[in-house]
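Listed below are the residues making up each chain.
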Amino acid sequence: MTTATNQPKSNSGAGSELSTERLLHMYKQMVSIRLFEEQVNDLYTRALMPGLAHLYIGEEAVAVGICEALNRDDYITSTHRGHGHCLAKGAAPDRMFAELLGKEAGYCRGKGGSMHIADPKSGNLGANAIVGGSVGIAAGAAFSAKHLGTKQVAVCFFGEGALGQGLLYEVMNLARLWDLPVIYVCENNMYNEYTHFSETTAGEILARPAAFGIPAESVDGQDVRAIYATAKRIVDQVRSGKGPAFLLCNTYRYKGHHVGDVNREYYRAKTEEQRWMAERDPIKIFTDWITGQKLADQAKLDEIQSRAKVEIDAAAEFAIKADYPGLDEVEEDIYA
Amino acid sequence: MTTATNQPKSNSGAGSELSTERLLHMYKQMVSIRLFEEQVNDLYTRALMPGLAHLYIGEEAVAVGICEALNRDDYITSTHRGHGHCLAKGAAPDRMFAELLGKEAGYCRGKGGSMHIADPKSGNLGANAIVGGSVGIAAGAAFSAKHLGTKQVAVCFFGEGALGQGLLYEVMNLARLWDLPVIYVCENNMYNEYTHFSETTAGEILARPAAFGIPAESVDGQDVRAIYATAKRIVDQVRSGKGPAFLLCNTYRYKGHHVGDVNREYYRAKTEEQRWMAERDPIKIFTDWITGQKLADQAKLDEIQSRAKVEIDAAAEFAIKADYPGLDEVEEDIYA
Amino acid sequence: MPEVAVRELTLGEAVREALAEEMRRDPRVCLIGEDVAEAGTPFKVLSGLVEEFGKSRVIDTPISEAGFTGVAVGAAMTGLRPVVDIMFGDFVTLTMDQMVNQAAKVHYMSGGAWKVPMVMRATLGASRRSAAQHSQSLHAWFSHIPGLKVVLPSTPYDAKGLMKTAIRDENPVIFFEDKMMFKFKGPVPTEEYTIPFGVADIKREGDDITIVATSSMVQVALGAANMLEEIGISAEVVDPRTTWPLDEKTLIESAKKTSRAIVVDEGYERYGVTAEIASVIATGAFYDLDAPVKRIGAMHVPVPFSPHLEDATIPSEQQVFEAARAMCKRT
Amino acid sequence: MPEVAVRELTLGEAVREALAEEMRRDPRVCLIGEDVAEAGTPFKVLSGLVEEFGKSRVIDTPISEAGFTGVAVGAAMTGLRPVVDIMFGDFVTLTMDQMVNQAAKVHYMSGGAWKVPMVMRATLGASRRSAAQHSQSLHAWFSHIPGLKVVLPSTPYDAKGLMKTAIRDENPVIFFEDKMMFKFKGPVPTEEYTIPFGVADIKREGDDITIVATSSMVQVALGAANMLEEIGISAEVVDPRTTWPLDEKTLIESAKKTSRAIVVDEGYERYGVTAEIASVIATGAFYDLDAPVKRIGAMHVPVPFSPHLEDATIPSEQQVFEAARAMCKRT
Ligand SMILES: Cc1ncc(C[n+]2csc(CCOP(=O)(O)OP(=O)(O)O)c2C)c(N)n1
Ligand SMILES: Cc1ncc(C[n+]2csc(CCOP(=O)(O)OP(=O)(O)O)c2C)c(N)n1
Ligand SMILES: [Mg+2]
Ligand SMILES: [Mg+2]
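Protein chains in written order, with our numbering: chain A, 127 to 462; chain B, 127 to 462; chain C, 636 to 966; chain D, 636 to 966.
Warning: the hint list may mix true and false statements.
Claimed, not checked - With a straight-line Cα cutoff of 27 Å, these simulated DSS-like cross-link-like pairs (lysine-lysine) come out:
no., chain 1, residue 1, chain 2, residue 2
1, D, Lys750, A, Lys247
2, D, Lys892, D, Lys929
3, A, Lys368, D, Lys690
4, A, Lys247, A, Lys154
5, C, Lys884, D, Lys929
6, D, Lys679, B, Lys396
Keep in mind the hints are simulated off the structure, nothing from the lab.
Extracted from the complex, chain A is given alone in its bound form (with noise of 0.2 Å):
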């Protein structure tokens, strides 16, 4: 049985070569998921949200660290928990926020929510409500960038859920046999909505991939450093030519399964949730490291959260204000 404990130690060395500025970046970026993510917790309690939303809050680091080792045109396709994605490459709070509440302002104009955020400006080919359900389009656009010869890459984050659709292995198969430029992501949160992995997942995850020709190896999810160091070296191979990549990031989430999966012991027990938040926090490992390595003081990091905060709540207020589509819309963009 595979299990997200024994994983590699940090790539240590990892984040010395990055300019000051690009490792404040990122904890920008780390602290603004979060941030995010409360006030999408805080829009559900409020009832100002329509449905509910699952929260990337304790994965953070994955989302950043991948999406830093890209470029703005490099794709991605992501999940039903796909906010940190999102955000992480590049899309702007307001409109998601937007989105979110089902105004028009939002980036599919009210008619996606939460599980289908897409920008074709930041190469977001969108969320997916189907455990899965994006592996083929992923591959997709990579497909397209090598048949046009774009070096773009496309990555393609997943939970360890998917591991559990055939359409990854049919894929992947592809993937290897046309040597597409496609990085499949796995995000390790132990948990397919309310059953933990282990009892979903047989033998060891890595050897998935490694079967079908497909390098893979796993890195600490909570680490950023280790992870953008993992990724950058991925994708400089993956952008050369080499054909399709996995990369599992072992990781984990603090809240329910969605908003609305407040009770959930009878799945698994509050003392793990606090080990994680206490031990294994992604963004207290990055603040620890840069106060360590005097890049920067607690105050700076304090005034960067303070700065993240006030855009993240200009943006609720912003997606609050927002008007909701007329109704003319609903019968617009069923077909182009």
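Using the hints provided, position chains B, C and D with the ligands relative to the given structure of chain A.
Only chains B, C and D with the ligands this time, still in chain A's reference frame:
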């Protein structure tokens, strides 16, 4: 890239523990399958058979080696190239021919045809015209056997083309998680219709089941003794509750993808076919061993063959003379 | 409806009770699906079943809809009676090969040799603000396929009786529950009962117009019927309960009696359930109809997220009321 | 139809010519599927294309219908115009999630931000003695789904013009070819032309009865029309050519003119294409119809193997002829 050529040497000890009677029975089964298929081709060219059929000639050792290691009430699922599995598991040639000709005396009352022969009495859950379509059914039969404690096992035969279907991976995962008594038998005859399997199959075939924690091995698909010995060991192990297994049988189809596939040079060389027929014929390999071991002389084998021919010819004759189902049959069996 | 309605259950409870009773009665019945055990599904419909029947009969799966459906087909062929759970009806897309090319055809293709007594539970219905991939009502697809039976309960009473019938049926049955109705209450007797397939239920008698409605649309139709009553129009509400087998006779007779018919269903209107039923009525009651049969299905758009857009795509009481009023020429 | 019919092509050749022309015109067009390259598909429809366009544009795949359809969706979103090939229409079951939950909805869900200009070619039609898993006509499923367009050519001329339109369309289009018609010949001009979607074609004018027919059923309808002519009944044969968009106007006008209509389609009759079209006509021509609209689809059974059983399940000229004669009250 996986190649069919680097297969392990034959399990040389195999066969020694079997009675001569049993060995000659296996010989008879292989010969019967070949004669059956030759007759099918004949029925096709004589325009007596509606539609097409996919001949098993060249692959006889696989079905016979595996099915001889099974009990009558063990289950099999089969494929579009299913006549061999069916016969080896104990179906009667006359009712099979009748089915192929669309007659009421056929196993499916003429409603299934070549690609759907099924026979509860011999544990045959049915051939399947959807590539990979039966991998779940076989696991389901194993699920029942386990649930009901019957000690049956289920064998799922499929061509290497089915490795392209995601369902296989979904189900192998389930079979391992639930320790189902199912054996996946992959018949690698090197072609998915008109495309060489190396163009459709990334990585190593055996690594795929292994990635799901399923023990996997390969065997020379032209050596019935090796197949039988390996199957016997695997079946015992699976029957004892150890969960699923995977056996890769490297083999070759002598004829076209189906009876109508006559001009094959655009996708494979005649010399390749000739080499397999001359050097790797499963009946010849077994004949040489039997006579070499002096278990029977050529005359004895010829006699077996003649008897088989009489039986097959009579079976075909039966089918030709049999009646078509009445028109009212068309609306029967839609619902049970 | 039962003589004495002693007890109210929600639709979710009624389904659970049917499953529990059948599992007690028949050890071959088992449940297979995602988060069906301790979680009891996200809708909590199955809560408590794993405690009573154990993990060997209430089986959590990986997120492998095609895979576990295939396993259920094989298990059904070989002595079990599995009930598979598809969390959102939109995910049936992943199971179409197993349901349509395998389950539906095994019995016929084998000339009756094998059968597939399985049930697929799936949800349907929009208005949950879940957007286009979690809001579809795809029951028309299955109704189109010979070899399958399709059930659409509209009340707790029907849900229980139809589920028991579904489990006892020797064929693959798709049982669609509207996820917005799990909390909907209605009387359910404590005594055992089953409801046969192919028997429509007249949910309300009336003389002026027939409203054929399925699943949650029955409540919409009943609401519209109340509104119509206030303006002096007497509407009959007929619930086919199963789209296949379809009780054509009852539908046609009602339309003949009232001489007008509306068909309301939450699937996409085009090439959907309303088309079949409207066509059956238009043919069967041809010489008695005073107006064309009116179809009201979901708008031909992927279901949008934004609440008032989403609501606009689903048939509403007001819409049914207005259509009926126009057909009966009252203003 | 073209003014001067100089040249005859088979339907297969017409499709190939359309693909070749579009591939020459637009380097973004590529073909993806099983055995599409050297083999040119088992039906040989694509023969020669790999020689002209090379392996990078005519791409053989593993047997992974869902996988390569998904790749096509992503490729279409990012600058290519893929045409995917589904060998037998029965295998669309494996692609439903990618086609219906992804391709059909991307444009809408993204508020118009992304689009999916792809074509899926699939076959339909029975009578090939291939049994239940290789004989289905599942176009009703796709016609039911907003966001998709569905094309059913009935002649080489239509096949070519509609395929060119399909490739140039900005949306996912499913293009169904009857596999029994690949050898069917008809005039195809050498000059370039396209045929717009949503425009029905009157294949034969007539006054007494309208026969709406799709795909190969158009030939069945024309055959029946010839038989009807001999007994003095003048039948109009209307081919919608696309089931979505659907040219309701032309269908209704024809039925109004003739006052009788039959709808013939090779999909299963129940909840199929005949239901939608019959219902559209029954509503649109309500006050002009002299008889109920008659539907003739495939029998509600999995397609059997045995030849005369199989033939009995498919609409025939004789059946259409007899239905029309009965409706027109001639004996
Ligand atoms: C095909 C499909 N099946 C089931 C679901 C319901 N569902 C939504 S999220 C989820 C769990 C996903 O787990 P994982 O992939 O690990 O992602 P996580 O939520 O942990 O980020 C499930 C089962 C779905 N959306 N799609
Ligand atoms: C899902 C599906 N896709 C495509 C086909 C068409 N088809 C029939 S046999 C075949 C090749 C199968 O190759 P393999 O599995 O290796 O079996 P073999 O014919 O070599 O025995 C294909 C593509 C099919 N029957 N089912
Ligand atoms: Mg997870
Ligand atoms: Mg093969």
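Against the structure, the hints come out as follows:
no.: 1; hint: Lys750/D with Lys247/A; in the structure: 14 Å, holds
no.: 2; hint: Lys892/D with Lys929/D; in the structure: 16 Å, holds
no.: 3; hint: Lys368/A with Lys690/D; in the structure: 19 Å, holds
no.: 4; hint: Lys247/A with Lys154/A; in the structure: 21 Å, holds
no.: 5; hint: Lys884/C with Lys929/D; in the structure: 18 Å, holds
no.: 6; hint: Lys679/D with Lys396/B; in the structure: 21 Å, holds
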